[in-house]
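Undergrad: Here's the letter readout for the chains.
Protein chains: 2
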Amino acid sequence: MATDSTPETRWLTPDEQQAWRAYLRASRLLEVALDRDLAHHGTQLSEYEVVSMLSEAPAGRMRMSALADLVVQSRSRVTHTAARLEKRGWVRREACVDDRRGVELVLTEQGRAHIDDMARCHVNSVREHLLDVLTPEEFRDLGHSMQKIRDALAEPGQAGDAIR
Amino acid sequence: MATDSTPETRWLTPDEQQAWRAYLRASRLLEVALDRDLAHHGTQLSEYEVVSMLSEAPAGRMRMSALADLVVQSRSRVTHTAARLEKRGWVRREACVDDRRGVELVLTEQGRAHIDDMARCHVNSVREHLLDVLTPEEFRDLGHSMQKIRDALAEPGQAGDAIR
DNA sequence: TGGTGCTAGTTAATATTTCAACTATATGCC
DNA sequence: GGCATATAGTTGAAATATTAACTAGCACCA
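Heads up: the sequence lines are chains G and R, in that order. Sequential numbering of the first sequence, starting at 1, is according to the working numbering. Sequential numbering of the second sequence, starting at 1, is according to the working numbering.
It should be emphasised that the hints constitute simulated quantities derived from the structure, not laboratory data. Ideal Cβ placement from N, Cα and C applies to all residues, glycine included. Don't take each hint at face value.
Said to hold, decoys possible - Reference excerpt, derived from the structure (chain G facing chain R, CB under 8 Å, subset only):
id: 1; residue: Ala33
id: 2; residue: Val106
id: 3; residue: Arg120
Turn these sequences into a full structure, and let the hints guide you.
TA: Okay, structure coming up:
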């Protein structure tokens, strides 16, 4: 827990500070840009992530909680998002056979029909704002570093599932 | 504009795909973790960013719009956030002398008194989840890459101020 | 069995964010 | 000056997200 209880704090060096701020600002700008591009297709990035994951899952279906973990959203948020997507006719809910508490979200034909366009848009967007801005090595390294960060945060023991 | 109008789409390679997903997931997890740590001090990360910027600005004051650009929030959002912070007594509004449309947000003594604790918490949090997870070189490179991304997105010509 | 505790998902209330007006002031141009 | 347009910031309503309760079903153990 980084709640601070230690008396001494190791402040960031100016370089570290600068790097951290760059990260924070860039990540926000990136999110905004990706969201805006996708908005032309009437979707938010966070919604797109859900249907996108569904589209790659076997049979286009996935458990709510698995989905929540995958896209890093709270369970409650996924419920709301799913309701929205359902209203659009892109997904439907189905009861789980093996676990009667469970619900599977299923991609509909109509949903699948939309995905191609959105995916194209999203990929172009990612290329434009991220890939084209970095060298291939820089991008590769970025991926590796973020993977390390993800693994550290996803450790069940520590800060674990911060999201319920 | 990555709105897609070109017929052919350059899809991501599996490696690129993986790196991008890692980024997306890690950035969300990071945000959640930092937010949660700061929550012990009754603040959101986005709110902390505002007071933090104020605390470093000369005289602890800054124009609303400058603040909005700096922390990458819409003007409207900053207005609401400021109202919240004001209610807590951490900041106050002051009319601008030179530009009568303008408003400056000013950090109060009470606000300043809280910052130290939050900053400590935040730094610990950043160290724990980010710095300690990467090697110094990895972190440095991450900073550089994100800076390039930020610069590309902040270019006034292109995707420019996506935020009003 | 029955009890205890855990997991899955939803719900309602609340908080925050976005969106689209809207006011007021500044700026540039004739 | 006077008009047109741009900028600064706010506002209220609608959309979205978070929080804390709550229901239901599973799982284990005695």
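Undergrad: Can the hint on alanine 33 of chain G be confirmed by a CB-to-CB distance to chain R that is less than 8 Å?
TA: holds, 5 Å
Undergrad: Can we keep the arginine 120 of chain G interface hint, with Cβ of chain R closer than 8 Å?
TA: holds, 5 Å
Undergrad: Under 8 Å, Cβ to Cβ, is where valine 106 of chain G needs to be relative to chain R, so tell me if that hint holds or is violated.
TA: violated, 22 Å
Comparing the model with each earlier hint shows a violation of hint 2 alone; every other hint is respected.
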